[in-house]
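Asks: Below are the chains, spelled out letter by letter.
Number of protein chains: 2
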Amino acid sequence: MMFRKLLSFDEAKRTIQKAAKIEPLGIETVPLLEVCGRVLAENVVARLDIPPFDRSTVDGYAVKAEDTFGAEENKPVKLKLCGKVSVGKRPRVLVKQGVATEIVTGAPMPKGADAVVMVEDTEQKGEVVYVYGAVTKDENVMKAGADIRKGEAILKAGQTLGSREIGALAAVGLAKVKVYAIPRVAVLSTGAEVTEPGKKLPSGKIYDINAYSLSIAVLESGGKPVFLGVFPDNLAEIKKALRLALDSADMIVTSGGVSVGPKDVTPKALESLREPIIIVCGIAVKPGKPTTVALASGKLIFALPGHPASALLMFHLFARPLILGLAGRKAEKALEVKALAGMRMFPAKGRRTFVMVALRRNKSGRLVANPVPTGASGAIMTLLKADGYVEITENRQFVDAGEEVTIRLFQKADAVEMKASDHD
Amino acid sequence: MMFRKLLSFDEAKRTIQKAAKIEPLGIETVPLLEVCGRVLAENVVARLDIPPFDRSTVDGYAVKAEDTFGAEENKPVKLKLCGKVSVGKRPRVLVKQGVATEIVTGAPMPKGADAVVMVEDTEQKGEVVYVYGAVTKDENVMKAGADIRKGEAILKAGQTLGSREIGALAAVGLAKVKVYAIPRVAVLSTGAEVTEPGKKLPSGKIYDINAYSLSIAVLESGGKPVFLGVFPDNLAEIKKALRLALDSADMIVTSGGVSVGPKDVTPKALESLREPIIIVCGIAVKPGKPTTVALASGKLIFALPGHPASALLMFHLFARPLILGLAGRKAEKALEVKALAGMRMFPAKGRRTFVMVALRRNKSGRLVANPVPTGASGAIMTLLKADGYVEITENRQFVDAGEEVTIRLFQKADAVEMKASDHD
Numbered sequence: 001m002m003f004r005k006l007l008s009f010d011e012a013k014r015t016i017q018k019a020a021k022i023e024p025l026g027i028e029t030v031p032l033l034e035v036c037g038r039v040l041a042e043n044v045v046a047r048l049d050i051p052p053f054d055r056s057t058v059d060g061y062a063v064k065a066e067d068t069f070g071a072e073e074n075k076p077v078k079l080k081l082c083g084k085v086s087v088g089k090r091p092r093v094l095v096k097q098g099v100a101t102e103i104v105t106g107a108p109m110p111k112g113a114d115a116v117v118m119v120e121d122t123e124q125k126g127e128v129v130y131v132y133g134a135v136t137k138d139e140n141v142m143k144a145g146a147d148i149r150k151g152e153a154i155l156k157a158g159q160t161l162g163s164r165e166i167g168a169l170a171a172v173g174l175a176k177v178k179v180y181a182i183p184r185v186a187v188l189s190t191g192a193e194v195t196e197p198g199k200k201l202p203s204g205k206i207y208d209i210n211a212y213s214l215s216i217a218v219l220e221s222g223g224k225p226v227f228l229g230v231f232p233d234n235l236a237e238i239k240k241a242l243r244l245a246l247d248s249a250d251m252i253v254t255s256g257g258v259s260v261g262p263k264d265v266t267p268k269a270l271e272s273l274r275e276p277i278i279i280v281c282g283i284a285v286k287p288g289k290p291t292t293v294a295l296a297s298g299k300l301i302f303a304l305p306g307h308p309a310s311a312l313l314m315f316h317l318f319a320r321p322l323i324l325g326l327a328g329r330k331a332e333k334a335l336e337v338k339a340l341a342g343m344r345m346f347p348a349k350g351r352r353t354f355v356m357v358a359l360r361r362n363k364s365g366r367l368v369a370n371p372v373p374t375g376a377s378g379a380i381m382t383l384l385k386a387d388g389y390v391e392i393t394e395n396r397q398f399v400d401a402g403e404e405v406t407i408r409l410f411q412k413a414d415a416v417e418m419k420a421s422d423h424d
Numbered sequence: 001m002m003f004r005k006l007l008s009f010d011e012a013k014r015t016i017q018k019a020a021k022i023e024p025l026g027i028e029t030v031p032l033l034e035v036c037g038r039v040l041a042e043n044v045v046a047r048l049d050i051p052p053f054d055r056s057t058v059d060g061y062a063v064k065a066e067d068t069f070g071a072e073e074n075k076p077v078k079l080k081l082c083g084k085v086s087v088g089k090r091p092r093v094l095v096k097q098g099v100a101t102e103i104v105t106g107a108p109m110p111k112g113a114d115a116v117v118m119v120e121d122t123e124q125k126g127e128v129v130y131v132y133g134a135v136t137k138d139e140n141v142m143k144a145g146a147d148i149r150k151g152e153a154i155l156k157a158g159q160t161l162g163s164r165e166i167g168a169l170a171a172v173g174l175a176k177v178k179v180y181a182i183p184r185v186a187v188l189s190t191g192a193e194v195t196e197p198g199k200k201l202p203s204g205k206i207y208d209i210n211a212y213s214l215s216i217a218v219l220e221s222g223g224k225p226v227f228l229g230v231f232p233d234n235l236a237e238i239k240k241a242l243r244l245a246l247d248s249a250d251m252i253v254t255s256g257g258v259s260v261g262p263k264d265v266t267p268k269a270l271e272s273l274r275e276p277i278i279i280v281c282g283i284a285v286k287p288g289k290p291t292t293v294a295l296a297s298g299k300l301i302f303a304l305p306g307h308p309a310s311a312l313l314m315f316h317l318f319a320r321p322l323i324l325g326l327a328g329r330k331a332e333k334a335l336e337v338k339a340l341a342g343m344r345m346f347p348a349k350g351r352r353t354f355v356m357v358a359l360r361r362n363k364s365g366r367l368v369a370n371p372v373p374t375g376a377s378g379a380i381m382t383l384l385k386a387d388g389y390v391e392i393t394e395n396r397q398f399v400d401a402g403e404e405v406t407i408r409l410f411q412k413a414d415a416v417e418m419k420a421s422d423h424d
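From first to last, the protein sequence lines stand for chains A and B. For what it's worth, the numbering used here labels the leading residue of the first sequence as 1, then goes sequentially. For what it's worth, the numbering used here labels the leading residue of the second sequence as 1, then goes sequentially.
Keep in mind the hints are simulated off the structure, nothing from the lab. Some hints here could point you the wrong way.
One copy or any two copies: either way a pair holds, since identical chains are not told apart in the list.
Unchecked claim - Below, in silico cross-link-like pairs of lysine to any residue (SDA-like), each with a Cα-Cα straight-line distance of 25 Å or less:
1) Lys143 - Ser259
2) Lys78 - Gly261
3) Lys80 - Val230
4) Lys125 - Ala348
5) Lys64 - Gly98
6) Lys224 - Thr160
7) Lys338 - Arg408
8) Lys239 - Glu23
9) Lys96 - Lys349
10) Lys239 - Glu11
11) Lys299 - Thr195
12) Lys176 - Lys224
13) Lys224 - Gly402
14) Lys286 - Ala41
15) Lys111 - Lys200
As the structure is a prediction and not an experimental result, all values here were calculated from the model.
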């Protein structure tokens, strides 16, 4: 049995942040169609004017504006038709005084012309174009650089790329872009009783939950899970698994085997790694107290408890922010919503307490957070029913019913919003 | 030039919904690690009790509770040590009266025992276990089925799968699950002046935006884009492209070539398809008026305008809800936020008007929506700066400054929230 000095929640947070270098792991160049949701790793500056040339914004006739001055519905100006400009080609006409050149939307303005008369305001008879309304200089013309000027900054490193940003990258001619690499996070479960889903369940065994829920949580945090599966409570096996994980990933998340019982060998396996530093060995939190964190080969290893709800909660509190950091993503304020406490909630003595809650809307449309029973008897159902958790600090006596609390969500607010509406 | 009868916004919506059969396209069986974000296509019922057997929730001694009655700190009960139960194995001991069997957390309860005394409340001396506190029946025991009962419904068809849902599927032993197929949406741009990003830009040409922004918008709507790239304004080429698209996708989105100019050949190409029905040929909206919708081989073809902001807006209004439907996803209320209009906004006469807006928070923390200049001079920058759009119905004179309006967002609320906070 190891000596465990529990760190407070805040101490544990600080210790982990100080021990690990949390910055983007690397940069890779990725084609536009594959960068959706990725984080830009460079400032993007336009290499050219957009549009690159003066363009007509209508179908009509390119003219010298001053030639149309005085034109009215009953008093058209007559211009001589001279050539045609198509889209996608360099114009070969020169628009001189008294001349009109046919032009379509998007075509480059021919030299000499400084405005376009819309086709609706004209009539063409043979070689003569009748103009029934005057245009001013630049009318119906989109000037070169009007959208983006050459040299203009259009996107900044750190922005997440969606349809609009990727459209802008295409606009300035980029087919690929630099984005931050995706952190690889190895995930493994430990326990002699844990069996892979899909296999027949032998007597005395249970199916693995954590390697699945935690791998998906890694995905949801912008990481790439390296799924290693289940390992028995056996020092040699777990040592082997941890070495494999260190070789194949940037961070490791294990679950199970961190309590103080005879079968809890994960801490011993951690100590056996080359130059390991166990930086956190138990945290004064509820649930999740046995959580152990080590650093080996510069990589963080989170050894989480085996209880599925505790493991996922600890992952959200400690591992997720670091994965976001390694991926170059900003901390996410928006995974929080405000709600009213549905009942009085008590913290565990001396421990930062996290109460799993389900959200619903009351008649006034306010979100209300009600605790979901946790503990031994509801590991999976707790996970399914909870939308997030309320944090109660050590010094609070309780959170009172009706008090406004901040809920940290397990998933994006919109999904929860939808669920909360369903409850109406 | 075609005759165009503009439908109202509501008529266009109804017409499209009536013409197309919008239901999940199919079902596929996918391994758990690949179902993140997918939509469950079956109701999942537990095939077994979870846990499958009575389990100890602590390290200690399995006993008959009544044997410990009366035990106190100063007056221990003496029990005879008899065997040991490990995790993951069927217990081979029978716990008789006066006997205690060593047990660890998670191990199955041996026959005869009905409670567990925590190791902290005991002392073992040779073959004798001193019990310093009484336990009641079922104390420190998690009963079979306490978490999930065999036959219990745990997830419903239509639920989106995340870490918690996938953990629950693992818990009941499922390695794969049935999810709705992902709709394939072909995306192509038309225009003689449009060039692929990454290539050298010839004189008179511009880079393609829409095939990229719309492909990514397809991804963001839960579809799989089939990127076909750029086709010139040429009837034969566009016909060929549309046939290719019909063969390779469940829906088609084109952009450009839908106005009434000589180069606007997309409607003609649509008419040339086998049994085509042009169901919408212009909509009384601003922007996006030339939007054309056809049905061929039972598949919807959205022919959107070439202006990037209009194309993306029309996609959001008309195509996205249908892609969600084909994917088995629910309509998304949560892409809406309330905000105050930053200034007076006018609709175009007789047309449903959509004003692109950027969100920021005012000093009181309320979201404020300010129009982003649209039109010819800001196609890309409009896209980048807008968070969403305000809808103004045809019968409104204007939306007044300070009025509460609903903003429909281009991306998830949390991303916008973060951006709005940055502006503070």
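Asks: Could you run down the list of hints and mark each one as holding or not?
Replies: Hint-by-hint comparison with the structure:
1. Lys143 - Ser259: between (69 Å within a copy, 21 Å between copies)
2. Lys78 - Gly261: between (98 Å within a copy, 23 Å between copies)
3. Lys80 - Val230: neither (83 Å within a copy, 36 Å between copies)
4. Lys125 - Ala348: neither (90 Å within a copy, 34 Å between copies)
5. Lys64 - Gly98: Close inside one copy (8 Å), not across copies (110 Å); limit 25 Å.
6. Lys224 - Thr160: Answer is both; intra-copy 17 Å and inter-copy 20 Å each pass.
7. Lys338 - Arg408: Both, since 9 Å and 22 Å are each at most 25 Å.
8. Lys239 - Glu23: neither (27 Å within a copy, 50 Å between copies)
9. Lys96 - Lys349: neither (89 Å within a copy, 38 Å between copies)
10. Lys239 - Glu11: The answer is neither: 28 Å in one copy and 66 Å across copies each exceed 25 Å.
11. Lys299 - Thr195: neither (28 Å within a copy, 45 Å between copies)
12. Lys176 - Lys224: both (21 Å within a copy, 20 Å between copies)
13. Lys224 - Gly402: This pair counts as neither: shortest intra-copy Cα distance 40 Å, inter-copy 45 Å.
14. Lys286 - Ala41: neither (38 Å within a copy, 36 Å between copies)
15. Lys111 - Lys200: The answer is between: 23 Å across copies meets 25 Å, while 79 Å in one copy does not.
Checked against the numbered hints above, the structure violates hints 3, 4, 8, 9, 10, 11, 13 and 14; every other hint is satisfied.
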